[in-house]
Every structure is written in C-alpha cells, then in structure tokens.
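Participant: Sequence:
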Amino acid sequence: MDVHQRIAGLFLAMLSLFGWVTAAVLAAALLSFGPGANEPQLFWPWLFTLPIGLLIVGVALLWAFGALHAGVSLYRGRRSRALVPVAAIALLGFPLGTVAGVYALWSVWREQAPKLPPDWRHIASD
Numbered sequence: 167m168d169v170h171q172r173i174a175g176l177f178l179a180m181l182s183l184f185g186w187v188t189a190a191v192l193a194a195a196l197l198s199f200g201p202g203a204n205e206p207q208l209f210w211p212w213l214f215t216l217p218i219g220l221l222i223v224g225v226a227l228l229w230a231f232g233a234l235h236a237g238v239s240l241y242r243g244r245r246s247r248a249l250v251p252v253a254a255i256a257l258l259g260f261p262l263g264t265v266a267g268v269y270a271l272w273s274v275w276r277e278q279a280p281k282l283p284p285d286w287r288h289i290a291s292d
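Residue numbers for the sequence shown, in the numbering used here: 167 to 292.
Take these hints with a grain of salt, some might be off.
[What the hints assert, rightly or not] Simulated DEER-style distance windows between Cβ atoms:
id : residue 1 : residue 2 : range
1  : Gly259    : Phe199    : 22 to 28 Å
2  : Pro211    : Met180    : 35 to 41 Å
3  : Pro217    : Arg247    : 26 to 32 Å
4  : Phe260    : Ile173    : 29 to 35 Å
Since the hints were made in silico from the structure, they are not lab data. If you're wondering where the values come from, they're calculated on a predicted model, not measured in any experiment. Idealized CB from N, CA, C, for every residue including glycine.
With the sequences and hints as input, model every part of the structure.
Facilitator: Quick look at the structure:
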C-alpha cells in the first residue's frame, strides 16, 4: 500500500471534521434565531430563511459524510467513487482544504514509483 494515499486519507478524514462542526454550528444558529414567544414579528423572516439554512446544513453534512467515507476508504487502500468530487470541493477551502485536496488528487493520479527488482534470495529459495 502506498504511504501517500494513507496520509491523504487521514487528511480528508480530519478535514471532514470541519464539515461536521460547520453543520452543527449552522444548525444551532439557525434554530436559536427562531421566532420567540415575545417577538412574533420575527416569524416571517425566519420562515423564509429556514429552508435556505436547512439546505446549507444539508450540503455541509453531505460533504462531511463524503469526505469521511473517501478518507477512510483511501486510508484502507481502496478507492472510492466519492474521492474525486470530495477532493475537488475541498480545493475551495483555502488553505487546509486546498492542501488536502491537491495531496489527495496527487496521491491517486500520480504515476506509480518504479518497481524494485525482484528479491533474488526469495526466488532462489523457492
């Protein structure tokens, strides 16, 4: 197994924590600014911002789950179909996401290192 792919998998898995935290903070902020019993005039703006906020929270959760899945599968040596889209979206998150996305794409798309010559002692003992 390639050590660069394992490191890139750890980077993506750790980067997914930012997505989980972002979704949790946005959900808490969205619910805390809801209409109160003493302020009924806040109901209409909250009614329009609730679907948009839930959409943003859903996208953040979807990306965080995809990044965690892609990172764990890359760490285990398997390539996931979610790797390229997750790494491409991670490129937008400057500076940590850019570093993790570039490193993940490089570790998967680079040419493999030249293979070492066979171990003659192992061949001779067979």
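Participant: Indicate, hint by hint, whether the structure satisfies it.
Facilitator: Verification of the hints:
1. Gly259 with Phe199: 22 to 28 Å: holds (25 Å)
2. Pro211 with Met180: 35 to 41 Å: holds (36 Å)
3. Pro217 with Arg247: 26 to 32 Å: Holds: the Cβ-Cβ distance is about 29 Å, inside 26 to 32 Å.
4. Phe260 with Ile173: 29 to 35 Å: violated (20 Å)
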